[in-house]
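*Asks:* As a plain string of letters, each chain reads:
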Amino acid sequence: MWSVLLLLLLSASIAEAQIEFRASVDQATVRVGEQVKLLLEVKGAASGVPVPVTPSLVGLELAGGPFRSTELQIINGRMIGSTTYTYVLRASNPGTGKIGASTLTFKGKQYTTQPIDIQVTGAGEPTTPGGPKGQTEDVFVRVRTDKKKTYQNEKVLLTYSIYFRSSITSPEIVRLPRTAGFWGEEVPLARDLPVHEEVISGVQYRVAVFKQMALFPTQTGKLIVEALTLRIQVEVKARRRDPFGLFNDPFFGMGARTETREVHSPPVTIEVESLPVEGQPADFSGAVGDFKIEATLDKTAVPAHEAVTLTFRINGEGNIKTLADPIPEPKTFFPPDLESYDPKVTEDIRRTGGNISGSKTFEYLLIPRAAGVQNIPSITYSFFNPKSKRYHTLSTPALTLQVEKGAETGGAGGGVPVALKRGVEQIGEDIAYMKVKSGAFHRRGVAPYEEMTFWLTLTAPWAAVAMVFVERRRRDKLAGTPLRLRNLRAPSQARKGLVRARKLLGRSDGEVFYGMVTHTLRDYLAGRLNRPAEDFTMVQLEEAWKERTWPSEILEQARRILDECDFARFASGDFPAPRRGELLREAEQIVEAVERIIATEGKKK
Amino acid sequence: MRRTTIFLLLLFFFSMAATGATKSLFEKGVDAYRQGNVDEALRVWQSVYERGYESGALCYNLGNAHFRIEHTAQAILFYERAKNLLPRDKDVTANLGLARLSIVDRVEAPVRLIIWNWVDVVRDFFSLRELRLLFIGFGVLSCACIIAAILLSGRVSRTLPTVVLVLWIVFGVVFVWRSILDSQPYAIITVDKVDVKSAPDETAKDVFALHEGLKIRIKSGLAGWLNIELADGRRGWIPAAQAEQI
Chain B
1 MWSVLLLLLL
11 SASIAEAQIE
21 FRASVDQATV
31 RVGEQVKLLL
41 EVKGAASGVP
51 VPVTPSLVGL
61 ELAGGPFRST
71 ELQIINGRMI
81 GSTTYTYVLR
91 ASNPGTGKIG
101 ASTLTFKGKQ
111 YTTQPIDIQV
121 TGAGEPTTPG
131 GPKGQTEDVF
141 VRVRTDKKKT
151 YQNEKVLLTY
161 SIYFRSSITS
171 PEIVRLPRTA
181 GFWGEEVPLA
191 RDLPVHEEVI
201 SGVQYRVAVF
211 KQMALFPTQT
221 GKLIVEALTL
231 RIQVEVKARR
241 RDPFGLFNDP
251 FFGMGARTET
261 REVHSPPVTI
271 EVESLPVEGQ
281 PADFSGAVGD
291 FKIEATLDKT
301 AVPAHEAVTL
311 TFRINGEGNI
321 KTLADPIPEP
331 KTFFPPDLES
341 YDPKVTEDIR
351 RTGGNISGSK
361 TFEYLLIPRA
371 AGVQNIPSIT
381 YSFFNPKSKR
391 YHTLSTPALT
401 LQVEKGAETG
411 GAGGGVPVAL
421 KRGVEQIGED
431 IAYMKVKSGA
441 FHRRGVAPYE
451 EMTFWLTLTA
461 PWAAVAMVFV
471 ERRRRDKLAG
481 TPLRLRNLRA
491 PSQARKGLVR
501 ARKLLGRSDG
511 EVFYGMVTHT
521 LRDYLAGRLN
531 RPAEDFTMVQ
541 LEEAWKERTW
551 PSEILEQARR
561 ILDECDFARF
571 ASGDFPAPRR
581 GELLREAEQI
591 VEAVERIIAT
601 EGKKK
Chain D
1 MRRTTIFLLL
11 LFFFSMAATG
21 ATKSLFEKGV
31 DAYRQGNVDE
41 ALRVWQSVYE
51 RGYESGALCY
61 NLGNAHFRIE
71 HTAQAILFYE
81 RAKNLLPRDK
91 DVTANLGLAR
101 LSIVDRVEAP
111 VRLIIWNWVD
121 VVRDFFSLRE
131 LRLLFIGFGV
141 LSCACIIAAI
151 LLSGRVSRTL
161 PTVVLVLWIV
171 FGVVFVWRSI
181 LDSQPYAIIT
191 VDKVDVKSAP
201 DETAKDVFAL
211 HEGLKIRIKS
221 GLAGWLNIEL
231 ADGRRGWIPA
241 AQAEQI
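Those protein sequence lines, which keep their order, are chains B and D.
Take 1 as the starting number for the first sequence in my numbering and just add one per residue.
Take 1 as the starting number for the second sequence in my numbering and just add one per residue.
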């Protein structure tokens, strides 16, 4: 509280100590012989202001003055004085008249005004030869832009001000500027327009801002904002030859009349640059300004077939209205089990103090069609910040939606009815992922047949075969008789022997016949049993027989025949001819039986 | 004899150590790729390949890395190499198919009896390395059967040895066939465009032009030039640097 008071006192004393000293003229162009009023204004001090030094004059001469007038104003409870010294000057020579600086010393401090140039024209010439036309007029409109060069979609603030010297009433905008290539946004102003004063080339004007517009260029290149037309009632005074010009003041209201005038603002050219390509994110969609984004789901758990709303809210300052949808392709963005609809877009734009801020909301209606956890991936949104001249990328967190089994899925098992089943949709195609396991490494560039190991492993087994074969032959030779050969030849040899025996059947000496039968049978059996024929005794026959599983009846029969033959040969116990024939037949039967056995064994294997 | 044994043992251990280092490099590449650092993965795998080692997975991964950075010709080249080593791998076939989509040239192979396609399928079902293993394996089995027959002196059945011997001959024929085919290898065009000349000479007439990624057959070479053949039988010469052998 005290500090506030102190501050007030302090500022009051500063206001007392600080004065403002200004020079202005009522018109910047005059004809020779006409008068110009020079006003030297001292603002801020109520009393004790000394008369300033009369400025030096070139091309002009002093016709009267200085006349002093004082004005007192009470603003915020403080008294502020203003003293004006009026000099009446007459233009004497055509060309540029110069009013030099005037100085004033107040409380030990020196104040100086700016020199002023006056255009003095010849007697017949118009008063407004060159120069900006509006400046010498009583009323004109100026446009100010906060920047001449801008990026696409970056805000440009246009401020329309009216400058006037005469009093004006009922201003009315009759034609708004055409703003092709822009998206425009009106900036609301206070109801009563604040008026301030401004000196332009020495002439004092009162200035009021009457319109403000924020423009967002949607194209690049040189864009033109066309003229605005303002219709106003202006008080004009009759120009009288008054040597002092004192009575021209509207205060006196003498000779004043109103006139309707249309004032045009100059067109404005704005150069729009395209946004920098360097560093532009892939998802950039034209947002320029400063934004924040948030994503929310209105429910985190829903039954299937019930709608949820996913809301993206982009908040900030910039081209709110032209912000693009954060999800350019909803079909591929949402999981296939989430049915999505076109978003509902709402804007909320605030226009305060020349700033266009607000938010744009995108509401997606989603209907989950299957139970389970549905993941809504995070999205990124990029914007260009013209202040930092850089791109920024925002991202929202990924959201999950818990979907429970819906009430009316139908079907006895609670599953999805066949009619509602869909094929698995292919959303994208990409290469298969890398292999994590290396597999076996091999030296490269060596053909398989160029490797030594190949030839080794190819030939070594055959060498082994050859060795085994050679060894087998050697062993057979060592055993004396080629057993295998004898084995194979045994049947035919036996048959031959038996045929020969049959021829001996009728011979008187039975020994030859019996010897033939014994030899034939014995050689045959030895051969078939892989035994050497020499010393093939009964014992060996039995041993060899046991190794096989041949029937023992045949063995018995063979033994009997051999015994009978031996009996007949060595004990001279000859048998009658029919018995010989029987013996021979039995021997044939044995050979046939053994052959049959070997044949069946061969087939079995 | 002893010295030879020691030498062979040393050789074996050295090769084991080399294979271990190769494996760890391969895994380094896998980690880099998993973290999204494709360039690093490519560099590491390439270094393994340049050390003179290859495996089907290595070639396939190199193909993937090249594909990611949009080196289509190199990707096709490595997928083809991977296919030679892993002929029945579905990933390799699928990725090769995707990479081939960007090939500009369309070469129509002449129509032939469909049975030859089946023969090709059978012939290319195994990699050359697998064929060698089968050929050797059935050779050893055949020999084992013959030795058994000799020792058991005909008291064994003939069916099994016959089947084994027939398979040995079949695999032997396929192996030799494939080895002969490999002596005229395939190559991939690695530059954007190559003018095929009628002779191995800069001033020779242009016969036709080929583009990146196309598979061609190298018939022969001559002083920095390759005599190539397309699937439709057209022949010509290209500078050797503009294609890389699979």
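Be aware that one or more of the hints could be misleading.
As the list claims (entries may be wrong) - Cross-link-like lysine to aspartate or glutamate pairs, in silico, DMTMM-like; alpha carbons within 20 Å at most:
(1) Lys503/B x Glu588/B
(2) Lys90/D x Glu429/B
(3) Lys437/B x Glu27/D
(4) Lys437/B x Asp120/D
(5) Lys222/B x Asp290/B
(6) Lys387/B x Asp146/B
(7) Lys389/B x Glu450/B
(8) Lys437/B x Asp91/D
(9) Lys437/B x Glu40/D
(10) Lys389/B x Asp283/B
(11) Lys90/D x Glu50/D
(12) Lys546/B x Glu595/B
(13) Lys149/B x Glu226/B
(14) Lys90/D x Glu317/B
(15) Lys387/B x Glu404/B
(16) Lys437/B x Asp192/D
(17) Lys496/B x Asp430/B
(18) Lys387/B x Asp290/B
(19) Lys321/B x Glu185/B
(20) Lys331/B x Asp283/B
(21) Lys437/B x Asp89/D
(22) Lys387/B x Glu273/B
(23) Lys107/B x Glu20/B
(24) Lys197/D x Asp182/D
Source of the hints: derived by calculation from the structure; they are not laboratory data.
Just so you know, these numbers come straight off a predicted model, no measurement behind them.
*Asks:* Are any of the numbered hints broken by this structure? If so, which, sorted upward?
*Replies:* Of the numbered hints given earlier, those the structure breaks are 4, 5, 7, 11, 14, 15, 16, 17 and 24, listed in rising order.
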